[in-house]
Each structure stands twice: as C-alpha cells, then as structure tokens.
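Participant: Residues per chain are reported as follows:
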Amino acid sequence: MTALLASRAAFLVAVVLLGLGLFVLIDDPNLLKKILGLNVFQTGIFLVYVAAAVRAGGRSPLVVEGGGPYVNPLPHVLILTAIVVGVSVTALAAALVARIHAERATVRADELRDGAGEVRDRE
Amino acid sequence: MTPTLVSLLLVLLLAAGVAVALFRDPLAAVVAFGIYSLALAMLWSVFRAPDVALTEAAVGAGVTTALFLVVIARTSGRSAETVRSRSTVRGRSLLVVGAFVALAAWTVPALPAVGDPSAPAFQRVAPAYLARTPDLGVANVVTAVLVFFRGFDTFGEVVVVFVAGVAVLAVFRREVSA
Numbered sequence: 028m029t030a031l032l033a034s035r036a037a038f039l040v041a042v043v044l045l046g047l048g049l050f051v052l053i054d055d056p057n058l059l060k061k062i063l064g065l066n067v068f069q070t071g072i073f074l075v076y077v078a079a080a081v082r083a084g085g086r087s088p089l090v091v092e093g094g095g096p097y098v099n100p101l102p103h104v105l106i107l108t109a110i111v112v113g114v115s116v117t118a119l120a121a122a123l124v125a126r127i128h129a130e131r132a133t134v135r136a137d138e139l140r141d142g143a144g145e146v147r148d149r150e
Numbered sequence: 003m004t005p006t007l008v009s010l011l012l013v014l015l016l017a018a019g020v021a022v023a024l025f026r027d028p029l030a031a032v033v034a035f036g037i038y039s040l041a042l043a044m045l046w047s048v049f050r051a052p053d054v055a056l057t058e059a060a061v062g063a064g065v066t067t068a069l070f071l072v073v074i075a076r077t078s079g080r081s082a083e084t085v086r087s088r089s090t091v092r093g094r095s096l097l098v099v100g101a102f103v104a105l106a107a108w109t110v111p112a113l114p115a116v117g118d119p120s121a122p123a124f125q126r127v128a129p130a131y132l133a134r135t136p137d138l139g140v141a142n143v144v145t146a147v148l149v150f151f152r153g154f155d156t157f158g159e160v161v162v163v164f165v166a167g168v169a170v171l172a173v174f175r176r177e178v179s180a
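Residue numbers (our numbering), protein chains in the order written: chain A, 28 to 150; chain B, 3 to 180.
Note that these hints are calculated values from the structure, not bench results. Computed from a prediction, not measured in an experiment: that's the story for all the values here. Beta carbons: idealized from backbone N, C-alpha and C, even for Gly. A couple of the hints might just be wrong.
[As the list claims (entries may be wrong)] From the structure, some residues in chain A lie toward chain B, with a derived Cβ separation under 8 Å:
id	residue
1	L45
2	D54
3	R86
4	P100
5	H103
6	V134
7	L139
Next comes chain B alone, as it looks inside the complex (with noise of 0.2 Å):
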C-alpha cells in the first residue's frame, strides 16, 4: 500500500465527488458518479479489500449507474431541465452541512491512525475470525463470516433485498381505475 496512490485516489474520489455535487444535468452527475465509483473500487482493491473492490465496481458503477441511466431514459420528458435561479435554501443547507462536517471532523483525531496495527480492531476479535477460519475448510475470512459465522445476517440482508424488490413492484402498479 504505497501512500502516493493512496493519496492520489483520494484526490481522484474527492474530485468526482465534487463533480457529482455540482453537475446540474443528472446524466452529468450519474457520469461522474460512475467515476467515483470506479475511484472507490481501486482505493478499496490497494486497501487489500478485493471483495468490497468486486463490489463496488459490480454493483456501485454498474448497477446503480444502469439503474440510474434507466430512471433518466423515463423521466427526461418535458421540462429539460430548466435552468432557474436556484432557491434560498442554499445558505441554510450550507449552514447545516457545515456544522455536521466540523463536528464530524472533530472526531477524527480520536480515531486510530490507519493501518496502526495497535488499534483495538486487531487485538481480539479480528484474530478470533482469522484463526477459526482455516478449520472451515474455507480461504476467504469474508466468504467464510457472511456465510458461516454470520450466516442468518446475510439471510436479513437477502430478506432486505426481497423486500426492496417488492416495494419496486409495488411502486409501479398503477391504481385501477373505477
């Protein structure tokens, strides 16, 4: 993990990021939020993350950006998005995210250095699960804690996709007309 890329996909995340808050025309936006997805997918790959990397870059710059190319296929009917004056709300919402990102900021210094190998996560339970995984019979510490060790979570997770599922169907059935 060499800091200079670290750094520079930190710059490239925060660039898309800020690209995808100031793009107008959604398109624009879903396309920069495709590159920072991207960006996202190889910061988690150098973090030697690769099952959030294949992810990421499966489900945050496919589907999400398809999901979103859809919507924009349906609803890019009348009004082309018209340029007005924007509202006043503008210095409030400033205000707000202001104050939720210093005290957020104000924490930080609490937290562990990254990659401090002294931080509490590495003392015991993160030892616990590397060390009972081989006796799976399974490589993978995360394929073996979503469906071993947090199996009935993972069925909560399929449960919560099930139902998102459902309400999309749901969404989209229109009233019966008398």
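Next up, chain A with everything else stripped away, as it sits in the complex (with noise of 0.2 Å):
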C-alpha cells in the first residue's frame, strides 16, 4: 500500500478528483457548480495523461543534438487537445446557464424543476 502510495501517488490523487468533480457534478443544485464540476472531473482525467507520460530523469520534449531521455510527447498533445475542447465545452455551457437565467431568473436545478419563473403564455 505505502508502495503504491510512493510510485502511483499521481493516479490516486487523479481518482480522487474524478470522484470530486463527478460529485459536484451530480449534486449541486446550482448549475455554475455543475459546470465548474466538469472542469475538475476533466482535469483529473488529464492528470492521469500528464503523469504517465512523466519518466524519471526525462527532459521536457524538446529534441536537442545527443540530449535525451526526454518524457512522453503523445499525452501532452492529446491534453493540449482536451484542454481547448473543454474550454469550448465549459463556454457553451456557461451561455446555457446565462440564458437560463436569462428566461426564468434562477441557476438552481432545484428551483427550476419547481418551475420558478416559468412564464405560461408566451408568444
């Protein structure tokens, strides 16, 4: 256990945040919560990629005549990736809760599941 605390301490700490960031994610009755919930779950997600790609003694992968070991470049790629593709996703969503504030003056899932500042006839 203390083994695997000392050489996978990355992972662990990545679980523990998916797990965070998925509680918020489903718990929260506040919608801005929500999103900001999906941004830690997702980031645990890119934990896991940066830390596997680390190896010990490695150098950041910059190729340089006869240097070298240098860490895994491929995760880093596919983080850079993921991170532009959840600011999109976070910026979508965040015009979703404005304007739903925007139509019924609440961000409480709670609240709106009640129907608060529904408005009946509209046309």
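Both chains are sitting in their own frames, so use the hints and assemble them into the complex.
Facilitator: Right, here's the structure in full:
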C-alpha cells in the first residue's frame, strides 16, 4: 500500500479529483457549480495522462542533439487538445446557464424543477 | 522532478479541489478553481510538460475563470444564492461517486509506476516521434505532432471551437416575438 502510494500517488490523486468533480456535477443544485465540477472531473483525466507521460530523469520534449531521455510527448498533445475542447464545452455550458437565467431568473436546478420563473403564455 | 515538490503540489491540488466542491457561493468556488488551475499548471511544468502548463495557465486559469466571472456577473440578479436546506439527493450521489471512485482506484495498481522508463508507452511510439521530429526542422515534439503528424486532428479541434462559438451565438439569440 505504501509502495503503491509512493509510485502512483498522482494516479490516486487523479481518482480522487474524478470523484470530487463527479460529486459536484451530479449533486450540486447550482448549474454554475455543475460546470465547475465538470472542469474538475476533466482535469482529473488530464492528470492521469500527464503523469503517465513522466519518465524518471526525462527532459521536456524539446529535441536537441545528443539530448534525452525525454518524457513522452504524445499525452501532452492529447491533453492540449482536450484543454481547448474543454474550454469550448465550458463556454457553451456557461452561455446556456446565462440564457436560462435570462428566461427563468434562477441558476438552480431544484428551483427550475419547481417551475421558478416559468412563463406560461408566451407568444 | 523532486518528489517533495510533486507531493506538495498534489496536496495543494486536492485542497483546492475540495474547496471548489465545498464553496456554496459560485464566486468563491471560481476563485478556488483559479488556485486549482494554478496548482495544475505548476504540476505540469514539474512533470516536464511546458506546453500543457502554458495552455493550462492561459486557458484553464485565464479564459475559464474569465468566462465564469462574466456569467456570474450576468446571473447574480434576484436570488443571491438563497441558503436553503440541501435536497435529499446527497446520499444517493455519495453512493454513486463512492462506487465510481472505488472502481477507478481498483485499476490504479495495474498502471505502470509514474516515471517508469520500461512502461509500454516508452517502447515504440514515443521514440518514433522523438526520432522523426528533428527531420522536420522543429525542436518541439508537441508542436511537430500537433501541426505535422496529426495536423488533420488539429483541424478537427479547430472545428470544435468554431462549432462551440456558433452554438454560443445561437443560444444568445432571442426568439423573435410574434
């Protein structure tokens, strides 16, 4: 167990972050908090990838003559793409929340379910 | 890569993540998320991932925080987060999350140790890209993979950003009232 913690601490932290993010995503009634939870969940996955790219004594993947060993650059590429896609998702979700607030004057899922700010007759 | 520094950053990351989860006020949670992103960016640079660290600092800590602040400014109208008793969902959510965390943690011992040079990922694919990059005249392998080897995938990424931008515009367009 101690050896596991010493050699794979980053993976275990990533699992905890996934749990934290998932909990906020499904449990918090505030829609903005749900988006934050989604972001925490996603960074937990980033941590798995970047930690898996680490190589003991490895250098940054900037290739020079006779350099090396280097860390694995491929997870870095994947995570760069994931960060950009993640911010796109966050932007769209935030826009939806702002629109929901403009229509219903609340950002809480439970209040929305109770029908807060619902307009019945709208032309 | 000093293990002490990594441990410190992991602890900071966990603390900031817990703060994000616990703050009921969205503004406080967003500030905690900024600290969380900063811890991540530092961790990436310690893990020798400078490109990811820069992107995280600019996009994660910068753009995402700004987005949230804008939305909070727009939505902090009538109800200033009325503190009410939590719904009964909590027990069920804890159960789901507990099961998920247990399942995910169960797989951790099967992963190669962090930094292990004999991990499968270091055997064939990574060395191939590292060896072929200097021929392209770029030093940064991450740039080489993004722009040359997997350029078409990067185009797909740009499409995602474009679609998200179009969707945001569509969301903000009010219906034309009759």
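Participant: Could you check the structure against the hints above and give me the numbers of any it violates, in ascending order?
Facilitator: 7
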